[in-house]
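These protein sequences, in sequence, are chains Y and X. According to this note's numbering, the first sequence is numbered sequentially starting from -16. According to this note's numbering, the second sequence is numbered sequentially starting from -16.
Each hint should be verified, as a subset may be incorrect.
Repeated chains share a single entry, so a pair holds when one copy, or any two copies, can fit it.
To be verified - Pairs of lysine-lysine, DSS-like flavour, derived with a Cα cap of 27 Å:
hint, residue 1, residue 2
1, K16, K217
2, K212, K16
3, K25, K(-11)
4, K223, K(-11)
5, K113, K184
6, K224, K91
7, K121, K217
8, K67, K224
9, K16, K184
10, K16, K147
11, K25, K224
12, K67, K113
13, K242, K113
No lab work stands behind these hints, which were simulated from the structure alone.
Number of protein chains: 2
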Amino acid sequence: MTNITKHISSAGFVGSGNVATHLAIAIQEAGIKIDAVFSPNKSNSEAFAKEFNCRSLEYYNDFEYDTNLIIIAVPDAKVEKVCKKLDDNGKLYVHTSGITPIESLNSKSRFGVFYPLQTFSKGKELNFAKIPICIEAKYGEDRQMLLDLARKLSTNVSIVNSEKRKILHLTAVIVSNFSNHLYHLADEILGLNGLDFNYLKPLIHETALKINEVHPLDAQTGPARRNDKATIDKHLQMLKKHPDYQYIYQLFSEQIRKKYHG
Amino acid sequence: MTNITKHISSAGFVGSGNVATHLAIAIQEAGIKIDAVFSPNKSNSEAFAKEFNCRSLEYYNDFEYDTNLIIIAVPDAKVEKVCKKLDDNGKLYVHTSGITPIESLNSKSRFGVFYPLQTFSKGKELNFAKIPICIEAKYGEDRQMLLDLARKLSTNVSIVNSEKRKILHLTAVIVSNFSNHLYHLADEILGLNGLDFNYLKPLIHETALKINEVHPLDAQTGPARRNDKATIDKHLQMLKKHPDYQYIYQLFSEQIRKKYHG
């Protein structure tokens, strides 16, 4: 192994999407230099390079010699393939994927995982300070370097193996993507009835914040929780022109009802 | 009509559950006297009376003469029946239900609706200031009195008829009760794998807050949004011992996928 230092001084990115961008902001704010970015999407890559005052690479392996961390922030399905295109040059390679096992990087000598458990969207600023960052690494020394880096970004850092990380990722999809789908579905129904989505925002916020103080099992309210079949039937009737939504309503109401009323 | 004044000086409650309690806190803080409570649940009723320093009634119609607003905060299905037990004595009767039409109170001369669009749980303090309060009333003068009262509690007050209110209620169930069900489901999966629900809290909060800045359609992330079938299949495989959850996962992923990828 070459190029091992005790801390990360400069990082390179492969990928220039939402995860790469938000992570680069946090890393740069923590005082780590962003050396360069490689991305097949040239316009994204150049925008990224401009934002972080770094180079946009023509080739995978043009990172500086003293850039000791390469962050592969590409779609889950591409991690392994992309990693194989990178030289095994003593740098530490990490991916940022929840579902992808650490072994997907074992074409390299030194590898690990730097998984921020969060939803990243363009145009939405993020405070990394409380975001859980899940670390894994082949070697103890690299693990420590990644822990040190993560702790510069967040107070919520832990070592999580690939088996547990994929459970976190699965549940993250459920609470984030699926909840957001419910928000979108509600927005569509409101729109069809000339009502504004703003009506629901305080409720959405309160529902999410309530879990800080009340377990989701105790926090549940509403017709299914009360076993109020008359209201459930009225709602189902209101959704009769939207079989997809009616189906979700029926499924959720039945699951909630069963949980509390057997 | 008797007993009409231009503003509400004292309110009585029928019902002593979560909605009644949270609303009574806000009303009392706004300087309105709570006269009394009637509830068939005597221990709830007495706890309520103690909390608000008011009387717990033995009979439905023992409210003071100068109590000019009676708030019927009982389960949706019971509103009409409960209202019929109350004397038509010139007081203004309102219910707090989303799904229940205003006409359910037409056994009385003066009636209306005071619907706070929020999820109310025991042990979770609420700030009413931004909660949407939807007002409806048979008479213009009563409507104005209810608007004046609501504006003492919240900056987010509007007149909403029964048809639109039931749409708001339907979508409230979808974004709140169903999202909370997803939180609970995730908590169960984490628990089975020795992982703590705390991991997901920052993500749940961010997902809910993101809609302030980004429309839910643009805020969507994750495998279904990306049409990443390999990750979806891995997640479905992980849920094979939980057919109920697997079913939700499949349904949501397919609906999200279709929305973005046809």
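For each hint, the structure was consulted:
no. : hint          : verdict
1   : K16 x K217    : neither (58 Å within a copy, 36 Å between copies)
2   : K212 x K16    : neither (59 Å within a copy, 35 Å between copies)
3   : K25 x K(-11)  : neither (33 Å within a copy, 67 Å between copies)
4   : K223 x K(-11) : neither (62 Å within a copy, 43 Å between copies)
5   : K113 x K184   : both (22 Å within a copy, 10 Å between copies)
6   : K224 x K91    : neither (54 Å within a copy, 35 Å between copies)
7   : K121 x K217   : between (56 Å within a copy, 23 Å between copies)
8   : K67 x K224    : neither (50 Å within a copy, 34 Å between copies)
9   : K16 x K184    : neither (38 Å within a copy, 30 Å between copies)
10  : K16 x K147    : neither (31 Å within a copy, 54 Å between copies)
11  : K25 x K224    : neither (44 Å within a copy, 43 Å between copies)
12  : K67 x K113    : neither (33 Å within a copy, 52 Å between copies)
13  : K242 x K113   : neither (32 Å within a copy, 32 Å between copies)
Checked against the numbered hints given earlier, this structure breaks hints 1, 2, 3, 4, 6, 8, 9, 10, 11, 12, 13; the rest are met.
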